[in-house]
Amino acid sequence: MIPAPFEYARAESVDHAIELLGSADDAKILAGGHSLLPLMKTRLAQPSLLVDIGRIGDLSYIREDSDVIAIGALTRHHDVANSELLQQATPIVADTAQQVGDPQVRHVGTIGGSIAHADPAGDMGTVMVALGAEFVIRNAGGTERTVAAGDFFKGLFHADLAPNEVLAEIRVPKTSGGWSYIKFHRRAIDWAMVGVAAVQQNGSASVALTNMGDTPIRAAGVEEALAGGADPSTASARADEGTAPPSDAFASAEYRKEVSKVLVRRALEEALS
Amino acid sequence: MATTEKYVGQPILRKEDPELLTGRGRYTDDLSVTGMLWMSVVRSPFAHARIKGVDTSRALDVPGVVAAFAGGDFEWAGPLLMAWPVTDDLKNAPHMPLAADKARYQGDGVAVVIGESRGAAMDGAEAVDVDYDPLPAVTDVEVATEHGAPIVHDDFGTNESYTWSLTNGKVDEVFANAPVVVRERYRIQRQIPNAIEPRAILVEPNAASGHFTMWSSTQIPHVLRTAMALATGIPESKLRIVAPRVGGGFGSKLQVYPEEALALSVAKKLGRPIKWVETRSENYVATHHGRDQVQEMEIAADEDGKILGYRANILANMGAYLRIIAPGTPVLGGFLYCGAYMGQAYHVSITGVYTNTTPVDAYRGAGRPESTNAIERAMDALARRVSKDVVEIRRMNFMPPFTEATQSIGGLMIDSGNYPATLDAALEMFDYEQMRKEQQARRDSGDVRQIGIGFSTYLENCGWGPSKVIGNVLQYAGGGWEAATVRCHPTGKVVVITGATPHGQGGETVYAQVAADELGIKVEDVEVLFGDTDISPNGWDTYGSRGAAVGAPAIAQAAARVREKAHKIAAHELEVPLDELEWKEGAFRLRGAPDVAKTIPETAFSAWRAHNLPHGVEPGLEASAFFDPENLVFPFGAHICAVEVDTETGKVEVLKYVAVDDIGTVLNPMLAEGQVIGGVVQGIAEALYEEAVYDDDGNLVSSTMTTYAIPGAPDVPPIAVGMGSVTPSTTNELGIKGVGETGTIASPPAVLNAVVDALNPLGVTQIERPATPENVWRAIRDARDGGGGAA
Amino acid sequence: MTNVSVTVNGQSREADIEPRTLLVYFLRETLGLTGTNVGCDTSTCGSCTVLLDGESVKSCTLIAAQADGREVTTIEAMAQPDGTMHPLQDAFHRHHGLQCGYCTPGMIMAAASYLEENPSPTEEEVREALEGNLCRCTGYQNIVTSILDAAGSMSGAKA
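Sequence lines, in order, name chains A, H and E. To convert, take the position in the first sequence, counting from 1, and add 5; that gives our numbering. To convert, take the position in the second sequence, counting from 1, and add 4; that gives our numbering. To convert, take the position in the third sequence, counting from 1, and add 13; that gives our numbering.
Simulated from the structure, these hints should not be mistaken for lab results. Each residue gets a CB set at the ideal place from its N, CA and C atoms; glycine is no exception. All the given hints hold, so there is nothing to weed out.
Calculated from the model, a selection of chain H residues having no Cβ within reach of chain E, i.e. all distances over 12 Å:
(1) Asp59
(2) Thr407
(3) Gly624
Stretch-level coverage of chain A by chain E, calculated; a stretch enters the list once three of its residues show a Cβ under 8 Å from a Cβ in chain E:
(4) 8-17
(5) 55-61
(6) 107-113
A few chain H residues that face chain A, going by a derived Cβ cut-off under 7 Å, partial list only:
(7) Gly123
(8) Thr283
(9) Glu652
(10) Val697
(11) Val705
(12) Ser706
(13) Thr711
(14) Ala713
(15) Pro715
(16) Gly716
(17) Pro718
(18) Asp719
(19) Glu778
With these hints in hand, go ahead and build the complete structure from the sequences.
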């Protein structure tokens, strides 16, 4: 398949990109393109203009900023996975990046692109929610705003991101406690059937789930039980509270709910050990 | 140039490889010709809908679009070929290349758009407006047989196309009196073959001569030529079909497709070359699917587990139309519901059923993976019922070893076999006792991850096939012989032309090995030509594990004729009587003085210039042969699989897999092993991963490679391949039995039996295919909630 | 139309193309380098794998404009100009690492990229590294064997 015709423009800077995005009704940002191009090839997406931000060099970085690691939105999964800084300071991010897609995808796909795509089956959004990460968003007029990961995901493929805004930076806290990201899938290459991120931080554990609703979601019941002193085995029984997983070619919602309990328990056991 | 080296049986490296490894192989999509236009097919999004109108006007306005045609714009000489009416009263709905009145499956073609570029044709196809009146659809084979189900072809008033049956012995009596009857039910899920090369077609017309050349990614250029003549009315003598490099087939390119007839007809209408390349999404709806059966399998036995009889009732989903060999596909397994085992009575009944789904036809193994699933899993059920080890139950029921053709209760005259030998070898390789100990340890400790061991001691029939048998007994419309020409050029280099059409199996290499041995020359001095009906005008192509078993003997026969002629020339030139020369170490040698000798290449120049040939010998050094076997061939073996099952999530991992196969004479052990490993992994995919899923409206849910789970390298284990026995086939002089499908036939029940074995202590006796995490989890839960697991 | 200039197999290639032209079709149809194949439309099968600035990418999931000003290496450039095969190609030949050959260029390019990252991998690591490349013929086993063999001969050659 090949995409329907579109215009193409290359942005020289974030401001330039924002300007270009404002120039057409249905413009889309092309970062790595690994979320967007498959949709365009099957013609499920038919933007009239692609704004290529892939050459904006100053959006690809991983650096320490006091107790936070700042990751440029155009940093590729491959570079996130192989970042010694992240492996040390916030290892769940590097570990999860290594589980995204396949090597070819990780060589092109970017952390910002996959987060902005807001696919509930995406791994990185869940980890961001569990970590309480923050996203820096640039908009018209050179201003920017910061959104908590927990508030960013609004719905299925729908993020708190206006058509003429650009996700510029991902800020993740350094972690000192245990962590686990379990991606449960049939094949290595598959999206998560269910994913669980568990992070122990400052004496409490946060747990978030992949593909258990329209967005990455917190396992609030589990967190509440843990806060109340429950052990992982007991707490994990509440993993499916408030979830609304999909039924698809790979698994039913019922199965996802049940298996999420097993996976949350295992993730907690790993994170808290 | 001549050599005493023997090639058959050696792991000769492939002649095909250098061009494929360097990107120089030419698949159909790699070809283009001047003035070429692109074709795109408009497909029905509905599984069942009346077509009220097709409006191409918007498409014709799209930049680059040249033409557009709907179903009514073509006049066909006939429908697409359906070559296997297995019963006299079979109901066959003629399949025309485009649906004109009704779309009968999602993906059914309703129009074509022709553009100057790939993109223009696709843009145009999007702009065709089709007025559909959607109708209720039926996709499930059982539902389709129920009263009140939507009818796929109105004229028939039923979805049942045919019932084929076979009875040997007093079946009812045996079952009525048997102390033990095991009754099993299996659903064989639908699969999508997924050759990694999607289909592609290029047609170049010659308006002046009326000739057409069609390049197609097909397994069957010869059959296709005939079928295209029948569908389009273009004289067969003016059609040249070329299958260049073909990127896998697995049966899915053993077909006569609508797009082939369409590209040809449009090329004729417009007088310009037409190219069509299938997208993967299209492939999932437009290229035929495989399997899709519901099986009821019964075994009657005595208290010890000695089998008395077999009874199988099969519903086979045909999809919306009967495609080229679809009705016969389940029948290929119809004689094998007894596996390699003895008995007194046998009954199989197969009913082919229309549904609103992509047509189903041959997929690697075609009918035999299905029958092997039924018998091998039922053997385990029998073992459980009579409390016998699964090895013991097989051993006590095996047909005893035989070297001459022997009748089975399933009605086959089997060439040769030694079933215990492969089982013994496999058990040893597998270290069976040790694995049972590990399994027990896990059971004792109550581990979340349990181990299971599964067997499949299969027998199959392949090497399609003896023309008289397949025609007169099985009512197949075509023949089963194979043709070969062996030509020795003046300088002694040899060209072999085969009517088989290998597409990845390594035919060029093994055919060269066979010819080189017959002619006493080096394998690198043999070139193998195939897949072009102007070069190899005769043949039945490659499928049904016939390339080695039928194609190679034809080559050996033609080469023997060349040698016979060279013998005469050699004797004439050496001025000795014919019988004074013996064929030894690659040359005709004078008895008692072996240094007085002539090789076949040494006679070639003389044969070519014909200055001094013996009386009655024609110039040239080439011969042709048609080999028509008298019987099928019958590979068999023992496969053993160990799995680890996560009893909390249902996820299955294959820990160990041993395959011991007897394929008769092995032409090239490296390539044979490659066929086995590839086949076994495809079977593991069938057991654990792959399923084509339709929703109730007939939409294909597993519609892309992201939702149809072909396993990757991390998802499958290494396969240990061993040898047990070599029982040469008595069907052909080379003793070949065929190996292309054995792995896919044998492995699914080995894996599934292992999963059930792992979970049996939890009360699980049954598992839905494929054994996905969810299906396994459900089996465990259902067993826990009482009952014997999912039915 | 948009203008792209890509260094392909060491040669600078420039063309005016429709913006929607995927990199794989730029290689196959604009430049005639048909060794890179297309097997799917969902970025799954990996048949279209080429190297972009030395790293494996799926050329069906990039538009050609994304490669503008960059270097692309395809299967056609893996063998030496004198025809000597790359150690990976040679190992695939010796270990029967291909059957129909359609996935093979992608497998080789994915492996070449991976061995740059990890010159002496384990069998399990090689299998993981091939997660983005599907093969329907071989069952992967001989592909993995070939790559392990090539890794040995390549690191031996460097030492």
